[in-house]
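Visitor: Sequence:
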Amino acid sequence: MSSYTANTKDMQFVLHEVLKISEAGVPGYEELDRDFTEAVLDAAGKVSSEVLAPLNEVGDKEGCVLENGVVRTPKGFDAAFEAMKEGGWTALDCDPDFGGQGMPYLLNCAVGEMFVSANMAFNMYQGLTHGAYSAIHAHGTDEQKATYLPKMVTCEWTGTMNLTEPHCGTDLGMMRTKADPQDDGSYLITGTKIFISAGDHDLSENVIHLVLAKAPGGGEGTKGISLFIVPKFLVNEDGSLGERNSVSVGKLEEKMGIHGNATCVMNYDSAQGWLLGDLHKGMRAMFTMMNEARLGVGLQGYAVAEAAYQEAVAYAKDRIQGRDVTGAKAPEKAADPIIVHPDVRRMLMDQKSFVEGARAFTFWGAHLIDRAHKLDDKAADGLISLMTPVIKGFLTDKGFETAVSAQQVFGGHGYTEDWPMSQHVRDARIAMIYEGANGIQALDLVGRKLAQDGGKHVMAFFEMVKAECKAHDDDERMKPFTDALKNASKQLQAAGMFFMQNGMKNPNAALSGSYDFMHLMGHVCLGLMWTRMAKAAFAALDNGASDTAFYEGKIATGRYYMARQLPACAMHLARIETGADPVMALADDQF
1 MSSYTANTKD
11 MQFVLHEVLK
21 ISEAGVPGYE
31 ELDRDFTEAV
41 LDAAGKVSSE
51 VLAPLNEVGD
61 KEGCVLENGV
71 VRTPKGFDAA
81 FEAMKEGGWT
91 ALDCDPDFGG
101 QGMPYLLNCA
111 VGEMFVSANM
121 AFNMYQGLTH
131 GAYSAIHAHG
141 TDEQKATYLP
151 KMVTCEWTGT
161 MNLTEPHCGT
171 DLGMMRTKAD
181 PQDDGSYLIT
191 GTKIFISAGD
201 HDLSENVIHL
211 VLAKAPGGGE
221 GTKGISLFIV
231 PKFLVNEDGS
241 LGERNSVSVG
251 KLEEKMGIHG
261 NATCVMNYDS
271 AQGWLLGDLH
281 KGMRAMFTMM
291 NEARLGVGLQ
301 GYAVAEAAYQ
311 EAVAYAKDRI
321 QGRDVTGAKA
331 PEKAADPIIV
341 HPDVRRMLMD
351 QKSFVEGARA
361 FTFWGAHLID
371 RAHKLDDKAA
381 DGLISLMTPV
391 IKGFLTDKGF
401 ETAVSAQQVF
411 GGHGYTEDWP
421 MSQHVRDARI
431 AMIYEGANGI
441 QALDLVGRKL
451 AQDGGKHVMA
461 FFEMVKAECK
471 AHDDDERMKP
481 FTDALKNASK
491 QLQAAGMFFM
501 QNGMKNPNAA
511 LSGSYDFMHL
521 MGHVCLGLMW
531 TRMAKAAFAA
541 LDNGASDTAF
551 YEGKIATGRY
561 YMARQLPACA
571 MHLARIETGA
581 DPVMALADDQ
591 F
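Residue numbers for the sequence shown follow the UniProt record's numbering, so the first one is 1 and each next one is one higher.
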């Protein structure tokens, strides 16, 4: 059975000693003192370990079932969902005008990490609802907000996002789902959507589908797409549920992982829907929530890796095999615990240094979203727009890699279903694919985000890295961090210069290196986070912190990342500078 203990100590360190949220000047952050965040995180951690984690294996083994048109979730999910609702966890950062608690997005992000680590498939039911809530909150009419949001905040009604169709995923301009206008102002939605997470289930009274479809007069491509609210059950004027809408589940997808979440084929047969936002501006409405949604998937990448890492550490301390080459560490036993062996240490250090760096990176990204929303901070908005494909793409790639590394610690036992490692690997895999496959994230980063607003945001990032390094010129202890970060940043800038010099005359020269650039930038971002965390850890030790083991461990882990992971930047730059020729050399029929 899966076991999980929330790492609230590290979360508190990032919130209060690295980000220093109480001093950040963001509305709502003034309430987030140490005692308050400790109480919230401890309570969420208890729910995660006691309620959600025990159901992770249940969801994986049982999966969801479609019976007579009704989707049944795994045993225990309904009671756990009720506990989540009763605890107010679904409403944490939602608008108080609609029953939410009005907390900052950053705190919701920290809590969400725990819920994902404990049970990713389960958390998706409320996670998808939060995304649909955000879209209606941003683009809905007053009447739509009043009708849907209070019930979605409490998850009495859940929500979905319907984009993908059997013949089109990324290329939404090929969409065939139609929306026919009616005299009463509604539309009749007809078409089929696939891969719809939490598309139907027995956890809520109603499911509010947000559906992309083409209405007449919109033209070809994505410009003709509109977004519609299509409830499973129609809603009467008094807010009560009316008759069943013409939307049904065609089938449940048989998937590699996240078995506890119902991934549905949804059929819309002249289902009644209502326009959300402006006609033919559906993509704009959808992209309003894209930074938040993609950050949430990046979070899934490292959150599952955290759960896998915890299992690997416990196993490495308990499993005995072989002797330490420097001398027996457990002479009273037949062999030493495998954690003494350097190669096992290497795997665990890879995992630990990634997870803790990724947590800081994601929390910083959530902080930027709060700044953008609550302060109308254009610089923060531009920076998180630049960072979003890196958070999503890099953290999910490395999160999966980390889960595989954790599985490797178990040897053959990790490959069996007697242990939870197979599930962690299978669950982590989807995060690299949905919400925009990672190759698309890389293309978005290189093709759009680098040049956004004249390149001002990437230049601001380079200046931020430069200033961070310069701030520690007089501290010899920081040299392992700043020297490595400076070098990695120069390599990132060299890659950007290569694109500028070659990309205009041959776009494939840039696009062939986009994936490497995303990873190169991801390493620089984690290097920046580790530099900031090292600075905070040294400051704590200088100020006489009692928990010296924590801060010394933090510094040692950071040094590992800078010494063993940042050198990958040189490899990524070397690949980028080969240009398009090695990638595009073969004719189609030579594959």
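Just so you know, these hints were derived from the structure itself, not from any lab. In this text the structure is predicted, and so the values were computed from the model without any measurement. The beta carbon of each residue, even a glycine, is placed where N, CA and C say it ideally should be. Just to be clear, a hint being listed does not mean it is correct.
Computed cross-link-like contacts, DSSO-like style, restricted to lysine-lysine with a CA-CA straight-line distance of at most 27 Å [unchecked claim]:
| hint | residue 1 | residue 2 |
| --- | --- | --- |
| 1 | K456 | K490 |
| 2 | K145 | K178 |
| 3 | K317 | K20 |
| 4 | K486 | K466 |
| 5 | K486 | K470 |
| 6 | K466 | K456 |
| 7 | K20 | K333 |
| 8 | K317 | K223 |
| 9 | K281 | K20 |
What follows is a list of derived Cβ distance ranges for each label pair [claimed, not checked]:
| hint | residue 1 | residue 2 | range |
| --- | --- | --- | --- |
| 10 | A334 | A494 | 35 to 43 Å |
| 11 | E577 | R72 | 48 to 56 Å |
| 12 | A437 | F36 | 50 to 58 Å |
| 13 | K9 | Q493 | 18 to 26 Å |
| 14 | E143 | K178 | 20 to 28 Å |
| 15 | D474 | E30 | 41 to 49 Å |
| 16 | E220 | E143 | 30 to 38 Å |
| 17 | K486 | E86 | 46 to 54 Å |
| 18 | Q493 | R72 | 52 to 60 Å |
| 19 | A494 | E38 | 38 to 46 Å |
Visitor: Given a hinted range of 30 to 38 Å, is it respected by the beta-carbon distance of E220 and E143?
Guide: holds, 32 Å
Visitor: With 52 to 60 Å as the target window, see if Q493 and R72 comply at their CB atoms.
Guide: Given range 52 to 60 Å: holds, Cβ gap about 54 Å.
Visitor: Regarding A494 and E38, is the given constraint of 38 to 46 Å on their beta-carbon distance met?
Guide: Given a distance of about 44 Å, which is inside 38 to 46 Å, the answer is holds.
Visitor: Holds or violated: are the alpha carbons of K20 and K333 at most 27 Å from each other?
Guide: Given pair K20, K333 is violated - Cα atoms ~46 Å apart, limit 27 Å.
Visitor: Could you tell me whether the CB distance from D474 to E30 stays inside 41 to 49 Å?
Guide: Since the Cβ atoms of D474 and E30 sit about 33 Å apart, the hinted range of 41 to 49 Å is violated.
Visitor: Are K486 and K466 close enough, with their CA atoms no more than 27 Å apart?
Guide: Since the Cα atoms of K486 and K466 sit roughly 7 Å apart, the hinted pair holds (cutoff 27 Å).
Visitor: Using the Cβ atoms, figure out if E577 sits within 48 to 56 Å of R72.
Guide: For R72 against E577, whose Cβ atoms are near 54 Å apart, the range 48 to 56 Å holds.
Visitor: Tell me if the beta carbons of K9 and Q493 are separated by a distance inside 18 to 26 Å.
Guide: Violated - the Cβ-Cβ distance for K9 and Q493, about 36 Å, lies outside 18 to 26 Å.
Visitor: With respect to the beta-carbon atoms only, verify the hint that K486 and E86 lie 46 to 54 Å apart.
Guide: holds, 51 Å
Visitor: For a C-alpha distance cap of 27 Å, please report whether K317 and K20 respect it.
Guide: violated, 34 Å
Visitor: Quick one, are K317 and K223 close enough, alpha carbons at most 27 Å?
Guide: violated, 57 Å
Visitor: Decide if the proposed pair is consistent with the structure: K456 and K490, CA atoms, cutoff 27 Å inclusive.
Guide: With Cα atoms ~17 Å apart, K456 and K490 stay inside 27 Å; holds.
Checked against the numbered hints given earlier, this structure breaks hints 3, 7, 8, 9, 10, 12, 13, 15; the rest are met.
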